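Number of protein chains: 2
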Amino acid sequence: MQQMTQTGPKTREGSVGVVETQFLDLPGPLPLDCGRELFPVRIAYETYGSLSPTRDNVILVCHALSGDAHAAGYSAAPPQESARDGFGADERDVAKKAGLGWWDGMIGPGKAFDTDHYYVVSTNLLGGCRGSTGPSSLNPATGKQYGTDFPVITVADMVRAQRAFLDELGIESLHAISGGSLGGMQALTWAVLYPSRVRHIVPIASTHALNSQGVAWNAIARHAITADPDWQHGHYYGTGRAPLAGMGVARMVGHITYLSASSMKEKFARRLQRSDDIAYELTVPEYEVESYLHHQAGKFVKRFDANTYLYTSRALSYFDLAREYGGGSLAVAVRNIEAKTLLICFSSDWLYPPENSEALAQALEACGKSVELHVIDAPYGHDSFLLEEARQIPMIRKFLSDEL
Amino acid sequence: MQQMTQTGPKTREGSVGVVETQFLDLPGPLPLDCGRELFPVRIAYETYGSLSPTRDNVILVCHALSGDAHAAGYSAAPPQESARDGFGADERDVAKKAGLGWWDGMIGPGKAFDTDHYYVVSTNLLGGCRGSTGPSSLNPATGKQYGTDFPVITVADMVRAQRAFLDELGIESLHAISGGSLGGMQALTWAVLYPSRVRHIVPIASTHALNSQGVAWNAIARHAITADPDWQHGHYYGTGRAPLAGMGVARMVGHITYLSASSMKEKFARRLQRSDDIAYELTVPEYEVESYLHHQAGKFVKRFDANTYLYTSRALSYFDLAREYGGGSLAVAVRNIEAKTLLICFSSDWLYPPENSEALAQALEACGKSVELHVIDAPYGHDSFLLEEARQIPMIRKFLSDEL
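Heads up: the sequence lines are chains E and P, in that order.
Under this note's numbering, the first residue of the first sequence carries the number 59, and numbering increases by one thereafter.
Under this note's numbering, the first residue of the second sequence carries the number 59, and numbering increases by one thereafter.
Chain E on its own, in the form it takes in the complex (with noise of 0.2 Å):
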């Protein structure tokens, strides 16, 4: 465990300590599924623990829709707003305030991704607004920011990037891969796409594709963005306006979607904001639900960029493992992986529900596939990613120290 001065914040036990988030440039141009091009490409990442001799002890996390390549540790440079929050975890504010990365409950010594033995490799995802290349870098065409001059862009894509970066930090192979959510659909994809390099993948309250209801919600999201004027087509940058409204109620949808009816009862129940009746307001919140999701909403704008977000929501809706790998056949999809497989779910995860990952353990399985499912019964909906780790650090420990 890394020491800390007295002036720097308090480590907790099994700390990574403070770290500073690194920036790589691809030595090329990285193919995209679109047919384009994108060059340069540069990526933000994060390193945690030792680099083993033999370099056969990394791991790969990757975040979902609004996380960052901090993942764990303090923040050299604390920002504002963490991705932390980017599922609602409110609780933590003090954690927040402090730079913790957002797996940091994960990454560390002693912890599922233990750095005591693993060289645990973080990454900003392609398209982001982290310090990876995405629609607000500078387009290198025109000179200013690509906007939705950005191509397109796949899980693909984004694992396509991952492995030129590991290329080029000289990684040939991976121990493993995991993430939640999308940051699950990445580590299945690299499975499928680079099944000799990858030994051990972990995806969390993921999925092999979205449902109906999944696409829905982020068409929604999406439009929200798109129809603020303020949007500009996607030309706002230096425009002195964003879409902060639209940007608003694209995370007020996600998160509802984050949380379940049951864990929102729970939490909020009815509770009025201000007093024991009602003020006969319109446009002012008047339950604490309300002013929650105006709060963070509120917090979101500030620190994430509405293109990114569309060309994250869109990746994240096209993601099909049947489609893009399997002529529509999920059996087929997945019949060139050959890394284990464990599979974490929630109960009460409607967004990406246990059905999807028991689908997926079920193509596997019939491949002769190594795969394990646990289907964590736990009642704060998508969420419960973040919320749960205690019961998926002992899984997960034991499912990358099992070498058959």
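No lab work stands behind these hints: they were computed from the structure.
Treat the hints with caution; some may be incorrect.
[To be verified] Just a sample of chain P residues kept apart from chain E, beta carbon distances all over 12 Å, derived: (1) T79; (2) G86; (3) A199; (4) A222; (5) G272; (6) G304; (7) T315; (8) M322; (9) E348; (10) N365; (11) P411; (12) Q420; (13) D435; (14) K456; (15) D460.
[Unchecked claim] Here's a subset of chain P near chain E, in silico, CB distances under 7 Å, partners left out: (16) V210; (17) N269; (18) Q271; (19) A274; (20) A282; (21) A303; (22) T341; (23) V342; (24) L368; (25) R372.
Treat the numbers as computed from the prediction; the structure is a model and nothing was measured.
Ideal Cβ positions, reconstructed from N, Cα and C, are used throughout, including at glycine.
We have chain E; now place chain P onto it with these hints.
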């Protein structure tokens, strides 16, 4: 059954035929929960069947968020869009084009609300935009449309307006009141406020109070509208701009909450809109479900007023029998009810979940009231209320004819 002319739309078996919406102005000011009074108040209404000489065969039907007074038969002046598609029941396009009422399957000779026996009255709710006084009506104080100068109203205010309206018709007591969703809230409120004036209530797919998640969806829908700069703080009338974009987002959110995840999967799966492959388009709908949402939003904004949506959504969220009439206790709130109650709800309705109807039934039972609860196993979510008429009809007919 009325006969139609050759040139009019064809009648169906059991149709009430061609009907015309009528209007009535209340004689005096309407006192409101917020402490203000409203005057003048006009009520748009339709009637089906014949009033008995003793005026004891009246059934009041109450519409939901986006409905209107045109509940049954063919409109004499068919609107371009019907309130019937208020719940995404777009399978009935033919019926809608003929101007069919939103509850035509339930109202007519031999139907649930049998016009061979009952005189069915349907009003557009207070705050509405389809003939009754609402925020798009002229404010006598300014000579301009109210906009957000319209007072914030409650479900009880809607019920008070209905009572004053029925007083004008010379109707003292009601054989029954029924409605789905917000309509059911009006039925419940009638039974609490005016126990001696109503003999049966049939709240369908309704609740004694929205859950936290329902409050949240409504808050998002309202925020999408009020964050649209074209809303102009509610004073958009006559400006040539209306918050159509925000309304569209609100409607999209509403639509998904009216469906169930499984019925969406059944209806849309992940079918692409235009080809066998994705088109790498950021903003153009790629999936059928995306096109569906855009289509529904586009239709809705043509026929509905944004401020009415705001006020009605607010009333819907406020509604809370226990808070309003029971000092926090549902059992106390319902103890003065004299009407017999038939509650119908649907297994897949996650917006108005069966557990709420069950809680209401328990509270009524605890007070020794006559209550019957049917949970219909149906896959269409909240929409089931309009799509599963066949199973409701015999329940309602039996309930209404049962005089102990």
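Are there hints from earlier that the structure breaks, and if so, what are their numbers?
Structure breaks hints 5, 6, 7, 8, 9, 10, 11, 23.
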